[in-house]
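Visitor: Between the sequences and the hints, there should be enough to build the whole structure, so can you do that?
Chains as they are written, first to last, in the numbering used here: chain A, 1 to 210; chain B, 1 to 495.
Each hint should be verified, as a subset may be incorrect.
[Stated by the list, open to error] Chain B is faced by these chain A residues, among others (derived, beta-carbon under 7 Å):
no., residue
1, Ala14
2, Arg27
3, Val55
4, Arg57
5, Thr103
6, Gly134
7, Leu142
8, Pro161
9, Phe175
10, Leu187
[As the list claims (entries may be wrong)] Part of the chain A face toward chain B, derived, beta carbon under 7 Å:
no., residue
11, Val15
12, Pro19
13, His33
14, Ala35
15, Asp39
16, Thr72
17, Arg78
18, Thr124
19, Val160
20, Thr174
21, Asp188
22, Val193
The hints are simulated quantities; they were obtained by calculation from the structure and are not laboratory data. Glycine included, every Cβ here is placed at the ideal spot set by N, Cα and C.
So the chains spell out like this:
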Amino acid sequence: MSSREAILARIRAAVADAPAEEPPLPRAYRRSHLAPGADPVGLFAERVADYRATVTRTDPAGLPAALAAALTAHGARRLAVPAGFPAELLPPGAWQWHHEPLTVPELDGLDGSLTLAAVGIAVTGTLVLDAGPGHGRRALSLVPDYHLCVIRAEQIAADVPEALTRLDPARPLTFISGPSATSDIELDRVEGVHGPRTLHVIIVEPREPA
Amino acid sequence: MTAPNDRGVVWLGSPAFPEAAREALKDGQLRANLRRATATIRDKRLSVSAELDDWEQLRDAAAAIKQHTARHLDRYLVQLEESVTAAGGTVHWAADAAEANRIVTELVRATGGSDDETREVVKVKSMATQEIGLNEHLAEHGITAYETDLAELIVQLGDDRPSHILVPAIHKNRTEIRDLFAAEMGRHGIAAPEGLTDEPRALAEAARRHLRHKFLSAKVAVSGANFACADTGTVLVVESEGNGRMCLTLPETLITVMGIEKVIPSFADLEVFLQLLPRSSTGERMNPYTSAWSGTTEGDGPSAFHLVLLDNGRTDTLADPVGRQALGCIRCSACLNVCPVFERTGGHAYGSVYPGPIGAVLTPQLVGVDSDTKGAAASLPFASTLCGACYDACPVKINIPEVLTHLRAKVVEAEGGRTVEALAMKAAGKVLDSPRLLTAAQKAAALGGKVLARDGRIGRLPGPLHGWTDSRDTPAPPTESFRSWWRKNREGGTS
Chain A
1 MSSREAILAR
11 IRAAVADAPA
21 EEPPLPRAYR
31 RSHLAPGADP
41 VGLFAERVAD
51 YRATVTRTDP
61 AGLPAALAAA
71 LTAHGARRLA
81 VPAGFPAELL
91 PPGAWQWHHE
101 PLTVPELDGL
111 DGSLTLAAVG
121 IAVTGTLVLD
131 AGPGHGRRAL
141 SLVPDYHLCV
151 IRAEQIAADV
161 PEALTRLDPA
171 RPLTFISGPS
181 ATSDIELDRV
191 EGVHGPRTLH
201 VIIVEPREPA
Chain B
1 MTAPNDRGVV
11 WLGSPAFPEA
21 AREALKDGQL
31 RANLRRATAT
41 IRDKRLSVSA
51 ELDDWEQLRD
61 AAAAIKQHTA
71 RHLDRYLVQL
81 EESVTAAGGT
91 VHWAADAAEA
101 NRIVTELVRA
111 TGGSDDETRE
121 VVKVKSMATQ
131 EIGLNEHLAE
141 HGITAYETDL
151 AELIVQLGDD
161 RPSHILVPAI
171 HKNRTEIRDL
181 FAAEMGRHGI
191 AAPEGLTDEP
201 RALAEAARRH
211 LRHKFLSAKV
221 AVSGANFACA
231 DTGTVLVVES
241 EGNGRMCLTL
251 PETLITVMGI
261 EKVIPSFADL
271 EVFLQLLPRS
281 STGERMNPYT
291 SAWSGTTEGD
301 GPSAFHLVLL
311 DNGRTDTLAD
321 PVGRQALGCI
331 RCSACLNVCP
341 VFERTGGHAY
351 GSVYPGPIGA
361 VLTPQLVGVD
371 SDTKGAAASL
381 PFASTLCGAC
391 YDACPVKINI
401 PEVLTHLRAK
411 VVEAEGGRTV
421 EALAMKAAGK
431 VLDSPRLLTA
441 AQKAAALGGK
451 VLARDGRIGR
461 LPGPLHGWTD
471 SRDTPAPPTE
481 SFRSWWRKNR
491 EGGTS
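Guide: And the structure:
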């Protein structure tokens, strides 16, 4: 008998005592912990900043300038930009935009990466990338030491349950909540180990009607 | 099907818990490190779990999902195998540690490439691979496994053992880590910089430099899994540092070793566990990075994905109607941080890769209490005061005290006997299960206490029970039980 068959047979024998009737799964928990009437975008911004990431809020017209300001502040000049990132958003200036194909050592030699995201989660301050257009493959937003990520307000889900319904599990998913961190030394939190040590999130909100 | 001694889990030659604990208690530095660390993390966990006013409903759902999965484990594993295979992965089944180690070794060798490349793998922190002693097995076959989690790196460089599920180097302070990095890093790759200080930031930077080249050049990675969704074949690794993302993304081949109990029915069920796990574990609303992948993706990440499904004593555990709930564990380590015994002895005293309260119920079940290794494993169900803090902290509501008393009876039975303790534990189990018997027992205890107690303490119990009182006083039982007081005072005296 193969180990597969042996394990399955042992499981069947082990649970043979279970009663046939099974109660329905209790799902009395909330679908969202966002307070009624609360602004998910504001909460998202606050919770992302709690992880010591930098957060900027802007509108579509202000985005290129916000990108330029972020890159200038961090001193990042050579950026990986994934396929599908809208070229019209790239600010004019002395930046080098590096496009795929990029080898891993080439990625390692860049200052940072500039990507979009698939979903945000307000309550937990989480970004989710799914390798869609403008996200790049997973290595692109991982290897360079600085990650600048643009998310639109309508992509922000209130909480984890809603966010999961918006995601496609067939795609590789990366949930990002702040910069890389460790608490392995005396439980003293240090931002930045192997992943990007600096995370900057730019939230693009529709312009207020005049 | 497998000899329990082939299962790993426990460290060979470990003394029984009381002996190991006595040694650990002599180490004042260790106790200070542990007290500070566990207190910090307890406070963080409490504050973020209190943010969710439906925390209890989430725990109920998590416990029910795990219970449901366990009773249909055969069906969900087969479904997982189909989903992973359809997504481009390959599934292997390993009955025990030896078989899992053999499968992984063969997979590493089969990746081809030059000798140097196939002699190195990078690893994401994984309890399952620690349990089976994978690193040691690979080393015997000429393959070096590099641990990449900071704490695991500290443990590996020090030729040490992990002492905590979440923070395995919690027993070491910053100065000890600095000295270790300065002395050892150079022997395994890039050395620590000259003049390395003991600032955590500097130590993390040294680890980053030390491992960077290994990440960028590794051809094979080995990981564990926090969850695997049967419906979609999605496997998840929850982490903080980005070493997980590096290992899961950059190498050409990814081998994931996963206990069979890690499967959950659906991707949607993650809505429960992704809320509970980070808050219970690191005390964060969400951990920095969670990677989720289904099989392989053209042009993104490894081109070969192998999932090794590990039994290694889990089906034995599943066969025990009381003990099987321990399989619901999501390895958050909240129970370690609230345990008064763990806080004083540390993790090494448990002699197992699974320390603390969950280790005390998991270890003896995985290796069996009547195996040759029983010296250490069989002593673990007694490594508890039964205070119940672990049960309260557990995000999947594993009733650890219940399993502990159940296992105590099993251990005593395996030791040959109908000893007073075995009978007492069995009787206690029956009495605690029945409100009627409990009321009767409490009345009897109140009467007995009146006879034996002096100044509210019982100094020495009579007959075969004296062993309990030889080294401690026993508080006299209250003259009235809380249940009876409650009935009189809160339920209008209808008793």
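Visitor: Determine for every hint whether it applies to the structure shown.
Guide: Cross-check of the supplied hints:
no., hint, result
1, Ala14, "holds (4 Å)"
2, Arg27, "holds (6 Å)"
3, Val55, "violated (15 Å)"
4, Arg57, "violated (20 Å)"
5, Thr103, "violated (10 Å)"
6, Gly134, "violated (14 Å)"
7, Leu142, "holds (5 Å)"
8, Pro161, "holds (4 Å)"
9, Phe175, "holds (4 Å)"
10, Leu187, "holds (5 Å)"
11, Val15, "holds (5 Å)"
12, Pro19, "violated (9 Å)"
13, His33, "holds (6 Å)"
14, Ala35, "violated (11 Å)"
15, Asp39, "violated (17 Å)"
16, Thr72, "violated (25 Å)"
17, Arg78, "violated (18 Å)"
18, Thr124, "holds (4 Å)"
19, Val160, "holds (5 Å)"
20, Thr174, "holds (6 Å)"
21, Asp188, "holds (5 Å)"
22, Val193, "holds (4 Å)"
The structure does not agree with the numbered hints 3, 4, 5, 6, 12, 14, 15, 16, 17 stated previously, though it agrees with the rest.
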